[in-house]
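Asks: Spelled out from the first residue to the last, the chains are:
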Amino acid sequence: MADEGSIVYLVDDDERIRMSLTRLLSTAGYVVRSYASAEDFLSHHDPAIPGCAVVDLSLPGMDGLGIQQTLVSSQVKRPIIFVTGYGDIPTSVRAMKAGAVDFLTKPVEASALLSAVVHALDRDVETRREGERKQTVEKRLAILTPRERQVLAHVAAGRLNKQIAGDLGTVEKTIKVHRARMMRKMEVRTVADLVRLVT
Amino acid sequence: MVATGDHLWIPRSHLYWLHRRVFAIVLLIVMVCPFALSPAASATKTSDGLGEDRRILVLYENDPTLPAALEFTQGLKTSLEEGIPVRFETYSEYLDLLRFSNPENLSRKAADMAAKYTGISLDVVIAVGPGAVRFMLRHRGEIAPGVPLVFGGTRVETAKDLRLPADAMGVVSHFDVKGTIDLARRLQPGARTIVVVTGSSDFDRDWEAAARRDLAGLSGEFDVNYLSGLTIEGFVEAAKRLSPDTILLILTVIQDAEGKRFVPREVVRQLASASAAPSYGVYSTYVGFGIVGGHVESFRSVGEDVGKLAVEAIQGNISPGKLIVSSSRPIVDWLQMARWGFDKDRLPVNSVIQDYQPTVWEQYRLEILAIVAVMVLQSATIAALVVQYRRRRRIKDELALERLELAHLSRVHQLGELSGAFAHELNQPLTSILANAEAGERLLQSEPADIGEIREILKDIASDDKRAASIIGQLRRLMVKGDAKLQTLDLNQAIAATLALANSELVARQTTVRFDAQRAELKVRGSVEQLQQLVLNLLLNAAEAMSKVSVAERKVEIETRKRDDGMCEMSISDCGPGIPPELKTTIFKPFVSTKDKGLGLGLAICRSIALAHGGSLVFDHGRSKGAKAVLTLPSF
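These protein sequence lines are chains A and B, in that order.
With the first sequence counted from 1, adding 96 to any position gets you my numbering.
With the second sequence counted from 1, adding 10 to any position gets you my numbering.
Hints were generated in silico from the structure; no laboratory data involved.
According to the in silico footprint, chain A covers these stretches of chain B (three or more CB under 8 Å from chain A):
1) 433 to 445
2) 452 to 466
3) 509 to 520
Just a few of them, taken from the derived set where beta-carbon distance is under 8 Å, the chain A residues facing chain B:
4) Asp109
5) Asp110
6) Arg112
7) Arg119
8) Leu120
9) Leu155
10) Gly181
11) Lys202
12) Glu205
Non-contacting residues of chain B with respect to chain A, defined by C-beta distances greater than 12 Å in every case (computed):
13) Ala176
14) Gly200
15) Ser634
For each residue, glycine too, the CB sits at the ideal point set by N, CA and C.
Looking at chain B on its own, in the form it has when it is part of the complex:
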């Protein structure tokens, strides 16, 4: 047994096993069995000088290997060890009445025991079970004349019928209807109906009468119904129809209305499982068979009480005819508690919970607390990190958004400044188209019309039209605001497209651009618009920087290459005055500009575009002449 809180915990296997083997429902647990009192079973206890050794004979009615017998014995042993200050020896005998109940066997056993214990001075004889009591009452004169008799495991009613001698004392079992109902009321505080089930045998009817007596006081509070005179099927049907807030008390059904006989516990099994309401019983043997529980005696407590009486008898402290009622306590079946959803905390403090499965919480409270603490700490850490990450992410998003916004604004601004150049760029194909169309018209007027030439003209018109459309498309893409779409692109191609776009402006600025693209594609991942914006910005900066140098010197050089470390590099160099030394450290900062009219945002945006692409943008300050911007981007 394990104590859990206020309750005792009994491993199910013991009781279950016991129940299967105990046939005599009615209780009286008939135990038999050699009584190994130990630690040293029949070991002698050192005398402390208070007198000679004590000798105790224990006679069990039944099977020695029953767990119930062992529990009884444990209780007995506890009391004896506490109560007898000197060495004592116990002798165990058992009758095995369930199997060998004929009188001859019993007589032979008596004769045998008489012979066996001749010359042994017994201090007390303990009889366990009514059969053992009767046997001893009949044969005590032969076996242990004059030795006081203590008995246990007997119903009150049985004991009263036994015509006990003056030197006999016993523990009688009381089946506590009232206590069981009290238990049920604690578990079902809302219940207002009690249904008591009894069978049709005389024994069953006696039970009904006893119950009516015990429960008479409750009739004001409860609607108490006595269900009897039914067949087993009738009982089951009735149980099925019960309202869930009913207390179903199953006493005994030894015989039903049709005269069929039953082992009551089996009836309990059927009724309890079919019942729509929780059921209770007064026999501990019912526990484990479907009832929630009852106020019943435990085998151990019976053993303890018997032991106490035995100690009194040894001390010569005999109260003639003394019968003490075994102490009973609430015993409940944990599975049934769970089935009905009853709260353990509602049980009286001395309750025993059978087959109790402690919750994980109860079993591992400290571990759980520790784990939870660790988890809470971890979670808190994680949460903090997440919050921090989110915040950072949000800031980053906002920054990215602002950068996007700014990049777009700056792009639109730049494009606006280049609008004249774009108009020119767009006018080129339009000029070509118009000239071609009019040339074609003229050709058609001549005789004969040169059809081959006209076909060429039409082809050229179509191709120029596409060229115009592509310029418009490019512009549109650069103008339109939107999320930067990442794509894999060829850096060289992006530069070439930018050069085409800026061509008119560069021509107007009389600036020539040399673009030495490495032949192989330079695959990078990024936003075409932003990268074009970056290139355009650097390109126009370069052109602008050279506005004061002679036309012949206005040269921009763009080079791209794949570096040995796998990065893509683009450099744009001009032949202008270079970056003033005082601006070298701040040139990428916003609002820093070498231009009179510049806002100073271009390079800041360019650098942030480069950083957003996982790259970098720096100026090569090692040059003697002009400025050289170097963009690096991760290859893809």
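If we strip away everything but chain A, and leave its shape as in the complex, we get:
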């Protein structure tokens, strides 16, 4: 079962497919929002809402790949599952390279679709987590002083305090103070944690 609050966005120009897939996904416990065109979907899209998109590759006007490109160029990492009536390899490769979760051929089996959705939602969660971590690191980095940032870079590079003091033209004691403040601001205890956080 899906995480609470996860939404499956469904984009297909065929009303009956929207209906049947909505029904299938609903029985699997997902909240589905369906759109008849790429434009419709994009104009309603809120990247903040967790979830994935099931997109028909061929759509009138902007097609499925168009949606993907638009999202990528907007830095929106919405996991996309492509569904197509006749998928050709170049198209699927393009789609997968651009980050598609899966490329399914119609008629889509429920198990394949649902596992793709699960996978996509997991990835969304992961992405979001990763995003949150990056945000956290950035926030913490933002409060470091220039000297502390310099010290962080050296610590993360695995240098000793004495070496850092020599490089920065100061004494080991001063480095220790900067290092302690930096570690506190970065909310880490060990160098290993720090390294994991910033890389």
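Use these hints to put chain B onto chain A, whose structure you have.
Replies: Same frame as chain A, now just chain B:
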């Protein structure tokens, strides 16, 4: 009389009438009658100085109004006019012997005539018929003493019995058995049997003897049977059993074996009609009563011969006791000729055909020739036109067939190119069905199952299934080859169906179509497949033309309307580069294409489809941007 070819033609009515009135079969046509010699009956003929006027007394034995008498008179008059160079007058008397034959009447008549012609200088007396001859022989001394006597209408045998004086000459009738058989042989060349019928009276027996004499020479060639001594019924029965290639010669039956007396001509009527073989007779009176004919004398020829003798007598050229035999000729009954299927051409050249009904050909030969000529010309013209039409039609059919073939091939080719799109189109309902089915399965597993939802699901599955079937059906119809079936259809509907079919392809090409159908139906008559093919072709051309323009601009617009002139019009416009100017005149020609891979047959076929539907397909070259194809079709 009318001459037709070599034969004389006698209107039937005359002779028939005559026959009914002449009772004395045996012939001697007894004529009587005032003799209107004319043109001016008793008009005087201007003397040319060769002497005084001639006066002729003609005594007829019988009724003056008989046609036979008139014919005799005509013949007589012809000879007299030819032979007498001076004015002449004729006086006519008749005895009416059939009705007034007692001696007192005759004596009174003689006395009367004697008184009447006293003082008139007669040049010749003509007696017509044996009774008239006898009367004149007895009373000539009183009426016309010393005037030469000429007679006619008397049998040879009778004449011989008359003890004729030296100054009497006559025409005697001969009944030509041999000549009649000769006629019969000409008409029936295959005949080998002759049957001669005679009755039981002395007269009849004399006839049999005469016939045996005349026909003795034929016994080698023919099987000649003499049928006599029978009752009338016996004769009829015998006649019925004759083989058709027999010659039946009916002489006279005045009395049969039982002593019953007959008018021979009536016997002829019975026998001839019952006979299985053609019958002949020697009496002209028999003609018209069922015999084919005979070699007989005609009344006219008797008159002519009598006239010639009269001229001789007037000229004083008297040959005592001279008897000339009347000239006889073949006379046949046209109806009987036809009855036995005898060919007119077999008749001797001097034959007379009674009651001859000239064939339409003979009567209207020129007209028929003219009509036939016109008809032949007309027919030839018509035939030529028909041939031409057929040829054109055949070419047309072949062209139509080829067009059909080509249309089909091109359609299949087109559909083949669209197969991916169709697969997609078909996958849509399949996708929907599968998703619905699996959703339903899941719903059934949950507790409690949402039956209402499951029912909806099943309904949707059914409806999607139908949708798939309809796509397959459409494709099949377009793929299958066959005669284009004409039907009344709604053009808008056909366009809508085509759009549905092409939807996937258009989507894949990121081309949007705007279809502003006039709401009302646009009824046209045609082949749905071909019209759909046409629309599909134009549609895909439009989409193809826009493959290099930006997605936002890839728009096709289809409009339909009924024009004021009653035609239906459909236009398909695109926003592509339009038709290159150099192709404007040739764009509809085969193998002309703006596409790199195109065969260039699509538009040619589209136009021929439009033409075959009585419509047209053109490009509107007046546009500044893109191409606009305009199809017009007659409304139905």
